[in-house]
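Enquirer: Each chain, written out:
4 protein chains.
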Amino acid sequence: MSSSFNGNIKFTIFGQSHSSAIGVTIEGLPSGFEPDMSELARFMQRRAPGRNEYSTPRAEADAPEFVSGIFDGKLCGAPLTAIIKNTNTRSKDYSELKYKPRPGHADFTADERYHGAQDFTGGGHFSGRLTAPLCIVGGLCLQLLKAEGISVISHIAELGGISDRGELCSTDGKNFPVIDDDCGEKMKRAVLDAKADGDSVGGVIECAVLGCPAGIGDPMFGGMENRISALVFGIPAVKGIEFGAGFNAARLRGSQNNDSFAVENGKIITKTNNCGGILGGITTGMPIVFRAAIKPTPSIAAEQDTVDLRTMENAKLTVRGRHDPCIVPRAVPCIEAAAAIAVYDALLEKRKETT
Amino acid sequence: MSSSFNGNIKFTIFGQSHSSAIGVTIEGLPSGFEPDMSELARFMQRRAPGRNEYSTPRAEADAPEFVSGIFDGKLCGAPLTAIIKNTNTRSKDYSELKYKPRPGHADFTADERYHGAQDFTGGGHFSGRLTAPLCIVGGLCLQLLKAEGISVISHIAELGGISDRGELCSTDGKNFPVIDDDCGEKMKRAVLDAKADGDSVGGVIECAVLGCPAGIGDPMFGGMENRISALVFGIPAVKGIEFGAGFNAARLRGSQNNDSFAVENGKIITKTNNCGGILGGITTGMPIVFRAAIKPTPSIAAEQDTVDLRTMENAKLTVRGRHDPCIVPRAVPCIEAAAAIAVYDALLEKRKETT
Amino acid sequence: MSSSFNGNIKFTIFGQSHSSAIGVTIEGLPSGFEPDMSELARFMQRRAPGRNEYSTPRAEADAPEFVSGIFDGKLCGAPLTAIIKNTNTRSKDYSELKYKPRPGHADFTADERYHGAQDFTGGGHFSGRLTAPLCIVGGLCLQLLKAEGISVISHIAELGGISDRGELCSTDGKNFPVIDDDCGEKMKRAVLDAKADGDSVGGVIECAVLGCPAGIGDPMFGGMENRISALVFGIPAVKGIEFGAGFNAARLRGSQNNDSFAVENGKIITKTNNCGGILGGITTGMPIVFRAAIKPTPSIAAEQDTVDLRTMENAKLTVRGRHDPCIVPRAVPCIEAAAAIAVYDALLEKRKETT
Amino acid sequence: MSSSFNGNIKFTIFGQSHSSAIGVTIEGLPSGFEPDMSELARFMQRRAPGRNEYSTPRAEADAPEFVSGIFDGKLCGAPLTAIIKNTNTRSKDYSELKYKPRPGHADFTADERYHGAQDFTGGGHFSGRLTAPLCIVGGLCLQLLKAEGISVISHIAELGGISDRGELCSTDGKNFPVIDDDCGEKMKRAVLDAKADGDSVGGVIECAVLGCPAGIGDPMFGGMENRISALVFGIPAVKGIEFGAGFNAARLRGSQNNDSFAVENGKIITKTNNCGGILGGITTGMPIVFRAAIKPTPSIAAEQDTVDLRTMENAKLTVRGRHDPCIVPRAVPCIEAAAAIAVYDALLEKRKETT
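Protein chains in written order, with this note's numbering: chain A, 245 to 599; chain B, 245 to 599; chain C, 245 to 599; chain D, 245 to 599.
Treat the hints loosely; a few may be bogus.
Copies of the same chain are indistinguishable here, so a pair counts whether it falls within one copy or spans any two.
To be verified - Cross-link-like lysine-lysine pairs, in silico, DSSO-like; alpha carbons within 30 Å at most:
hint: 1; residue 1: Lys511; residue 2: Lys596
hint: 2; residue 1: Lys318; residue 2: Lys329
hint: 3; residue 1: Lys511; residue 2: Lys318
hint: 4; residue 1: Lys342; residue 2: Lys318
hint: 5; residue 1: Lys594; residue 2: Lys390
hint: 6; residue 1: Lys342; residue 2: Lys329
hint: 7; residue 1: Lys594; residue 2: Lys342
hint: 8; residue 1: Lys596; residue 2: Lys318
hint: 9; residue 1: Lys390; residue 2: Lys329
hint: 10; residue 1: Lys318; residue 2: Lys594
Hints in this document: simulated from the structure, not taken from any laboratory.
Can you build the whole structure from these sequences, using the hints too?
Expert: Laid out in structure tokens, this is it:
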């Protein structure tokens with residue numbers, strides 16, 4: 245539980261926003277696998293802060309250093325530990341927050357959970373910065389999946405009230421990950437408008453896993469929905485997830501929602517994909533499709549109502565520090581990472597039962 | 245993974261729709277606890293089939309028999325196994341389904357997962373009937389939570405395009421679990437309309453956990469969202485989940501979505517609850533609120549397109565057997581069960597770290 | 245932890261000596277596998293009580309009934325639950341034991357663990373009877389291993405001061421599982437002597453896994469020693485385990501204890517096997533050899549010193565009921581079961597990492 | 245499994261003998277706990293190499309650096325990662341070993357396990373050096389246990405054929421951890437004799453956990469024997485473990501082996517402790533006593549028989565590099581660490597079930 249994922253792959257994400265380093269310890273990736281480190285760096289870069297006007301000016305190289313588990317460029321079977329040094333921290337920004345929890349952040353709940361011992365600087369272990377180690381694991385899984393013909397694509401489906409349009413395709417390589425760049429322009433404007441107001445916006449990310457064979461996943465608590473959501477809700481700010489037609493399926497009749505089977509080129513497909521490629525928790529062989537709702541960044545410029553934990557009285561707070569007016573673009577690779585881990589882990593689950 | 249939940253409480257749900265019995269084996273509930281068996285029976289009854297015209301005519305007593313783990317009326321510390329005999333099975337209804345997978349069901353994916361060895365009668369292990377054992381675990385957790393002042397309430401928030409109205413309150417005891425009975429009447433009509441058309445409808449269930457203290461839950465993969473969704477997606481037909489403002493939060497600005505803190509009667513509260521009682525995965529002390537999307541029952545009367553797995557050709561299928569035109573009312577206690585297990589398990593997690 | 249084993253195979257053993265049934269719920273065995281039920285019954289029979297003068301007169305059929313997980317004679321992928329009804333219980337024998345814990349039994353420690361709520365009749369969940377479900381799991385794993393050319397053999401290496409002699413071979417099929425039947429006769433006499441004195445004897449069981457390929461097992465906590473001992477200590481009365489030369493290795497010099505490698509028929513072997521077929525936790529391809537120490541049955545006829553938990557005063561106790569003067573012969577298949585589970589589970593672990 | 249321990253405390257040990265660092269990532273230790281870092285350093289020092297003529301001349305500072313999880317000197321609730329840099333590595337010593345596995349080492353089995361991708365330098369992940377991170381976890385648990393009145397003591401019970409004498413007491417602070425220093429002198433001579441011969445010796449370590457309350461531990465696979473052995477076999481070179489009278493219990497009659505209960509100063513004790521403080525897997529409140537057999541260091545000076553993995557022919561090998569003629573003294577704190585982790589983890593297990 246907690247900061248550990250404990251499936252066929254096991255990993256623990258460690259570090260705080262302002263500790264000397266953040267990182268991840270991973271077990272269960274296949275020995276002999278030779279990661280493409282420049283491809284991993286490129287993937288990490290999609291999440292990295294400070295790249296443009298839509299994200300926090302905090303610039304971190306975010307280059308993982310592997311201190312163990314790699315020998316001669318290959319995974320050697322021993323646990324992999326990757327570390328990212330925290331270089332550009334400004335802890336003094338946060339001193340007031342010890343007693344005045346920021347609305348929408350985990351300051352208050354962490355204080356309750358850890359009885360005041362939590363690292364409150366920069367959000368501590370709850371910082372969005374901790375998605376960097378998740379992207380290390382996910383980036384490696386993406387490479388492993390690619391070797392099996394499986395890819396993960398995603399885009400910003402909705403942001404600031406604007407919806408993306410067009411057929412789902414990879415947005416990797418785009419500065420702003422949308423299918424329709426005109427929609428993207430409108431979304432960017434919504435972000436900049438919010439920024440100008442000292443405010444923030446959220447959005448919805450849609451993700452698809454392509455090429456996954458039928459028969460992956462398990463019943464009940466091992467379903468692909470459970471597996472994917474167990475990881476996706478590990479990304480801060482995700483407040484909802486839906487698969488296929490999702491909440492809209494709840495508004496359809498069975499005759500509309502059911503996906504008919506058909507044979508196409510000797511392969512069984514479904515004519516529609518309202519189930520999001522998952523029936524009974526198990527893949528159909530069609531794309532696994534899901535959408536995740538990302539709440540607006542809670543750090544905003546306006547003065548907000550909070551409490552003073554020392555005096556137990558109402559108080560006012562103005563959040564300082566460097567923040568993203570919208571974290572949705574940077575969350576896109578995180579969602580892909582989460583999906584990749586979930587799918588790769590489920591593949592291993594099936595593999596062990598197959599003679 | 246799979247049919248086992250493996251937290252501080254551990255349980256495995258076993259059985260198939262037409263095996264000699266279904267049931268559950270549970271470890272980790274507190275020794276000395278004396279379950280109220282009539283209260284449990286009453287809870288199970290809310291999920292039981294065959295009670296009215298909205299549900300399947302398959303009548304099962306659904307009375308759990310505890311074959312182990314109880315001594316002198318109390319949990320004795322040893323694993324608890326409860327069994328529900330399958331008495332009213334009609335396997336011959338299903339013989340055609342071996343080769344013609346039903347759209348919307350797990351027939352095809354189970355065949356792929358288990359290479360043809362799956363029990364295809366009545367949906368096998370994928371049947372909604374397997375939520376009965378989940379309700380045994382959940383019913384016991386509800387009693388344990390009650391002893392700590394925590395309760396779980398829910399209602400049908402939406403069904404067949406009709407939304408429920410009014411302030412969230414318990415609907416336990418109602419024949420049709422809605423807040424506003426007028427809305428309920430309209431929903432029932434939508435179900436009967438669908439039934440008359442040989443069709444089915446889905447819906448959305450809203451659930452709240454009341455009285456849960458602040459500071460429960462863990463960061464990242466141990467967050468309350470992760471914990472609850474890991475269980476809720478174990479209920480067949482759930483295709484989406486959202487917490488607090490959920491997908492709507494993605495459409496708000498930070499200044500609208502942030503929940504201000506305030507002191508009320510010496511206790512810290514949030515003035516709104518867009519976060520659904522969860523920040524950073526940890527409870528705020530406000531109600532934990534979530535909504536689950538339930539797809540329409542895939543078993544419908546109309547002839548459907550499918551494939552014949554023997555010939556790999558397109559085929560037609562008319563599903564026979566007894567089915568619910570809408571499983572949403574019966575899913576309500578299942579959702580409560582899932583929420584209760586998640587919250588009780590998270591309470592244990594915190595307990596062990598507290599001196 | 246506790247009554248659940250949670251590896252690639254997962255199972256929970258449930259039941260008490262005098263509950264309505266005992267049994268096991270298993271997940272992770274391969275779908276499509278067709279157990280040989282008569283072979284399983286034969287294996288169970290080797291452990292069953294009441295077969296001769298060396299064991300308890302309590303006669304139980306010990307025939308497992310599979311209530312789920314099997315369809316058309318094959319494992320269908322869903323959890324397997326097997327139940328053995330408790331038919332021949334005599335609970336009144338045990339009433340005094342509620343307050344007077346038997347020396348050498350778990351009565352006192354269970355009372356402390358469960359605060360008086362434990363099922364104290366017949367040893368409750370701590371009864372040796374609970375090894376029957378372990379033998380169900382183990383019996384299935386033995387069949388799965390056999391299909392991969394792996395077998396498990398064992399014998400009573402020592403009993404009542406008498407050591408068995410000869411080269412390790414299967415003793416399956418023998419009424420008294422020793423290599424040298426003359427030694428066996430002497431051992432039987434030692435058991436009958438103890439029985440005549442109202443006393444009991446313990447012994448040492450030696451077990452070997454043959455045909456296991458090199459490269460199975462994992463470093464540190466996943467070593468074959470850890471895996472095997474984690475299961476073997478689950479058998480009541482086991483108080484020690486050693487691998488290969490074991491405690492004797494501690495008395496050798498490195499030059500004596502090291503096993504030289506050599507090539508034999510194109511395969512790498514070790515000329516000796518002091519390491520018990522395990523180096524660094526991983527199999528060498530030579531037989532995995534271990535010995536388990538079984539303490540003498542604590543139930544003896546003589547009056548013993550104990551305490552009265554009500555008055556917290558010293559007290560006397562004479563244990564009544566039906567007991568084995570020596571459980572070592574019946575523990576032999578249990579040890580084989582434990583070894584089979586450990587090895588099969590480790591095979592699955594490697595399988596999932598292999599492309 | 246593998247290099248992760250996954251109980252209520254979770255940790256993964258990472259690193260190889262010659263990777264840039266070794267270390268450990270830990271989850272589940274209590275927030276607010278303030279480790280005594282100088283006490284931890286002192287404990288680590290007992291295991292550190294290069295301190296005297298009995299151990300390897302490889303000198304490593306072995307000072308752990310905590311890169312996360314600590315804030316203001318206290319555990320902050322987030323995962324703890326400690327790193328020890330590898331500074332004094334001499335990889336060139338090991339080049340021949342890639343194709344000529346050393347007898348008694350994991351070279352061959354790791355090659356089989358990881359298909360040639362393993363880090364073979366200095367034993368890689370299988371090096372005894374990896375017990376340093378285990379001592380970090382154990383050292384912290386020892387401090388946590390101390391706060392609950394529980395201590396762990398141990399001594400070399402046997403080395404090179406010489407047995408220690410006297411009543412079990414702490415040997416912490418002694419340069420050579422034995423009860424009777426005269427015995428210690430003889431043991432040291434045995435080590436130096438072996439060293440002079442280019443050979444090595446093994447030994448037996450006896451360990452006791454004092455002050456542990458009755459009622460800790462769980463039945464079957466959660467018994468204290470299982471829990472302790474699961475960790476102790478994680479220490480390289482351990483080939484056997486026995487609890488209380490252990491293998492000797494197998495030679496006693498029940499009347500001799502049973503520990504009578506008695507009331508002493510209002511507390512229930514056992515008059516003897518043949519069960520090693522454990523009945524049915526659960527603590528009696530008496531000292532938990534066990535012994536672990538340590539095989540002689542496999543690295544010896546003499547030329548040995550091995551194979552050449554390239555040619556699959558027999559070969560000769562002379563092991564170079566720096567090695568301990570006897571690792572038993574350095575293994576003493578590792579055994580204490582393993583015991584401390586097992587007991588602390590079991591305490592947490594009980595805590596969560598207690599209201």
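Enquirer: What are the numbers of the hints that this structure violates, sorted from low to high?
Expert: none
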